[in-house]
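Asks: Protein chains in written order, with numbering that gives the first Met the number 0: chain A, 0 to 696; chain Z, 0 to 167; chain R, 0 to 439.
Derived by calculation from the structure, the hints in this document are not laboratory data. There may be inaccurate statements among the hints.
In the DSSO-like style, the derived pairs of lysine-lysine whose C-alpha atoms are separated by at most 30 Å in a straight line are [said to hold, decoys possible]:
#  : chain 1 : residue 1 : chain 2 : residue 2
1  : R       : K192      : A       : K59
2  : R       : K192      : A       : K401
3  : A       : K59       : R       : K315
4  : A       : K26       : R       : K199
5  : R       : K82       : A       : K373
6  : A       : K86       : R       : K378
7  : R       : K199      : A       : K59
8  : A       : K14       : R       : K199
9  : R       : K199      : A       : K401
10 : A       : K285      : A       : K521
11 : R       : K82       : A       : K419
12 : A       : K401      : R       : K79
13 : R       : K199      : A       : K12
14 : A       : K129      : R       : K378
15 : R       : K343      : A       : K59
16 : R       : K412      : A       : K59
17 : A       : K80       : R       : K199
18 : A       : K596      : A       : K282
19 : R       : K315      : A       : K56
20 : R       : K192      : A       : K419
21 : R       : K79       : A       : K419
22 : R       : K285      : R       : K343
23 : A       : K86       : R       : K343
24 : R       : K378      : A       : K59
25 : A       : K56       : R       : K199
26 : A       : K12       : A       : K86
27 : A       : K301      : A       : K311
28 : R       : K192      : A       : K695
29 : A       : K428      : A       : K695
30 : Z       : K96       : Z       : K142
31 : A       : K135      : R       : K192
32 : Z       : K96       : A       : K135
33 : R       : K192      : R       : K79
34 : Z       : K140      : A       : K591
35 : A       : K56       : R       : K55
36 : Z       : K96       : A       : K105
37 : A       : K86       : R       : K199
38 : A       : K428      : A       : K401
39 : R       : K343      : A       : K80
Letter by letter, the chains look like this.
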Amino acid sequence: MADLITLTIDGRKLKVPAGTLVIEAAKQAGIEIPAFCYYEGFSLQAACRMCLVEVEKMPKLQPSCTLPAADGMVVHTESPKVADARKGMLEFLLTNHPLDCPVCDKGGECELQDMVFRYGAGESRFTEIKYHQDEKQWSPLVYYDPARCILCYRCVRVCDEGLGVGALGLTYRGVAAEITPSHGDHLECDECGWCIDVCPVGALTSGTYRYQSRPWEMNHTGTICTHCADGCKTTLSVRNGAIIRANNRDRSGYNGEFLCVKGRFGYDFVHSGERLQSPMIRKNGKLEPVSWSEALAAVATKFSEIKARGGKFGVIGSTRTTNEENYYLQKFARQGLGTASVDHHRTGDVPALIDALSGKTDALAAMADLYQAKAALVIGADLAQQHPLIAYQLRANYRHHKMAAYLVNPGASREEQYAKKSVHAPPGKEMEAVASLAGELKGHEDLVVIFGASLRGEGVRQLVSFGDTLGIPVKYVCLVDYSNSRGAMDMGLVPELLPGYRSVREAGMEPGLALDEMLAAKDLDALWAVGANPLESAELASSAAFVVVQDLFLTETARRAEVVLPAQSAYEKNGTVTSVTGEVQKLKAGAKVMGTKADLEIMGLIAKEMGLNLGIWSPDKVFEEIRRTVRGYNIPLPVVATGGAAQTTPVNGRVPAMPRPEHIRPSGDTLFTSGTLGRYSKRLSSVMEAPGELFKG
Amino acid sequence: MPKIQEILSGAAAIAKGMGVTIKEMMNPVITDDYPDAPPKFQERYRGLHVLQRDEDGLEKCVACFLCSAACPAQCIYIEAADNTAQERISGGERYAKVYNIDYSRCIFCGYCVEACPTDAITHGHGFELASFNTSTLIYRKEKLLAPLAPGQTGKVKLDHPVMAETGH
Amino acid sequence: MLYNEPSPHETRILTRRLVYPQAEPIGYEQYAAQQGYEALRKALAMTPDAIIDEVKKSSLRGRGGAGFPAGMKWSFVDRKSPKPKYIVVNADEGEPGTCKDRIILENEPHRLIEGCVIAARAIGAERGWIYIRGEYRRMIETMDRAIAEAYQQGILGANVLGSGTRFDLYTHTGAGSYECGEESALLESLEGKRGNPRLKPPFPATSGAFQCPTIVNNVETFSAVPDIIMNGGDWYAALGAPRNGGTRLFCLSGHVNKPGVYELPMGYNLLRMINDVGGGIRGGKKLKAVVPGGSSCPILKAEECDIAMDFDTLAKAGSMLGSGGVIILDETTDMVKFLYRTMKFYAHESCGWCIPCREGTAWLKKILERLDAGVGVSKDLDMVDQLAQSMFGRTFCALGDAAAMPAMSIIRKFRAEFEERIRSAQVFIPAPETRPLVVL
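All chains, full assembly: derive it from the sequences and hints.
Replies: Here you go:
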């Protein structure tokens, strides 16, 4: 830490590290200095002049956002001179700002409103005609009203510095100056909508939230985004059970304010017209809506019958359901149905990494480590497309700490903008390229290695032993693709492993069929797909199989099913999910969709109908059981309960039985696709660019 | 003697009584003839709400939600929508697609009228709300809107002067 | 070419090689024949520190407007820095009332080149740019020709006059923005970005063009360097006033009989400048006011004009010497229109970066437009003053101050004239009523 210096702000003596900005020092002391253009973590502008303060021995008022604190400095933030300056600035701002607060979406949460209310003049002296420009639509999701814009350049900076897209710039000058997309009249960008969030006024408005509501009309629920595995916190704003906005302005999660297009706009699948809202049973070859009791009884009867005659079950879990549901499902399958054929759509070889790291402590990186590491090595991942938060963390690390990034990818990726070295290597040749970087990697204090699904099994072990040769602390992230892919693996939704990476033999069973084998088995009697769509790309070999599907939509698998049960999405239920970095976070129910039930409740009701005793099916009770029984999950409850992220303690030891890596199939999702859910999100399709193309730079 | 006096005092009493009656007969009537005749109201009587229109017949309401925020009984429900170039409903950028007032909850406090920045919602003089079914007490926008005045079309005139300077 | 006949009152140092009429720019041959590039030869034999000392001794102050001592600026450059160092010539002459740099660019380009090479030697720069405003099309061509000549003669290039050091010089065209005359905005523009001013510190001497140590000086500043080296700093300092060394080019414009660019020693009396050099007020009228250094400087009333034209004296009198653009206004001048026209210029040239300048200049322009049209109220006058005060000292760069200073000084010094305009308005239009936003 730098040397501490002492300065006085409003008569209070403060000790802060040398070089701290006065505005930050004041914030630490609880003194608010108003500002529009100052935005923590991004470059300094000093353009809004709201943060002017009086510093003794300086003739002019100084912008506190660019003024480093110096020893013995005496600052006044509320002197008459400062108050006058603020009043003057706000008066200038309001000259060409349309006072259309009643129709402005920002009304009620507008920083300009707040500031004028607090620091502004009571009356307006401006009697001239205002300068006006009409509103423009830049993309289906982003609208810009230049008249309202106060030019704080926050949008320009988050886009350029935060995401590395640089889709926004400034055109014209003087009072006509306005923000303009780099492509002229439309945006070609990630459509993340962060610019809309940071806009202090209603200049940038979201195409989805426009005119929908007022901030005070909504309930806000902080939950975890259900799209990719990065586990961003997204705060759903709900009015009458419907989600009308998602953002993370309260910076409650480890993602801060960052969200990608899926987190901010991709929630509309919840209210898609194609959502299933009633259970269905196949009658005379057609799926007909029936009551819940009828549907549950039908499933229970058939399951009991097949179990009684020792039939062959296949149970496929989901990569998006909660840990509790996954745990309960494998318990149901192994204890209730007596089958070891449990699997899910695997997208990364986590067990191999855990096995290879046996004997090491502190070798799995948390999301925060990506921002702190001195160097990063990315293997086989187009992070900006597949893992936007990881990409953002690394970029922020580079911007703030000059982290050195090394890439080994089959093609171009956005990280090349700042990477120290990028090697293009086709899949299968990665390790040779990685080995060539050894000399440079050794020179850094520590390293975090992020690898995709192209490294699996033996490849992961080679990578870890390569890391051992570097002689510096190395942490690893094994990339997986869906919001609870990691949790599904941890909860033992694989034929070989029980929850907590224990061998299934401990439970007196032999490993059952993997997903592909279930589909290929001609004698399968029952297939139970919970939130999974295995028939999207494959055929079910057994024509006589009794197929039960729990899902949000009538997917390919649901169309083949005998019984379809309408489930809830992650935004409608409680529970926990585990992110790509093994951090457990809590889901909180926000939206409501009539006629649906949470998967956990559905499973519990089936168990009850079958007369099985698998424990109480409330998320809290099941999570308690997970904490008690699953290795690594004995995490501090208060952290999770209060909405924080708790990293699971890595299972330190050899993994006794390895799930077969040949069953790993990466999803190949880009920024604008998200498996089945993405297909039902009209908004994601409306802004999609270059669908399905990774490593295009 | 006492008899005459009795007669006289009786007559006087009758005259006095009739005097009051006749005097009141001459005075203007202060009671209402409701329901045979329409009742009279003070101008500021707070009755059934009216959603006003501007001089072109466009709706004044811009769906700012301030009335619903100000409402202590939470009886106002609004859904907003965007005016388009083809279809202009209100004078502002947006209009109320749905505007419901639940009169089973409304307490006629007038806060909504005070809160309205465009003077769109006002109290009218309607008061005959009684119903046997509370579900009929939710009044929709169509019922609350002021009727179009003669000559009004409810469409915007295109020859409005543009009150702003553009270009550089 | 020269546009006016030289005055016998001039002290011709900078312009000594120029004749009237000067039909063609002075080429290399002629320049070299008249002691050209001898200063460079001398400088190449000196140590960098000796050059800077000589410039410091000369008390040469920046001729662009701010008047920062040039030698001091040069000494801020860290010559040991591993980064390349750069020379940037500010030839973005945009201040209304100023037309002096073009005289040098147009007539004696080699003087500027020589000055640049000496400065490059002083700070160890190997590359320089001359940032010329886009409107100076002919000067850009002249300069390019002179640079090509200098390359041929070995003055520029890999081996400057056989000294073994390298120096390359290029011209760079601006796009006609006043703001790009501000040194950091000029650097942004030079780098190919939008010409917005930069955050200071760091100053260009530590992090200028392409984040490398850079000195940015005016054309006239660089052009004065060869004579300083030739004749010594003390000689140059003695020409002018204390701490205001040498001569400078004053651009007399407005209501004088002989407007033009004249080279006069620093500290020359303003009244003498008007009467002797400029030949008095046109048409025998009386002097009303003088803007002493380009449109951004506070105005001087006629009775304040008996003053020495140097940086310190004018600062004491509440004005500035600025870029040397002396605008002389006679008694017929309409001060309302004058201020309106000035403000229109600033509203047009504000870059839009910071709030007070962007909104303030536009607002002032609108009020003054109204006042000029006779549709003002007396309240407006106070408002102009207050708005200018709200801008002054609170903007990101000096453009806000440049707009606020004339507004404040003119409205204070000529308030009666503004009031008279309001009173004499033919049409009475009541000012729109201002209503309180919040009724308590």
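Asks: Of the hints given before, which are not true for this structure?
Replies: none
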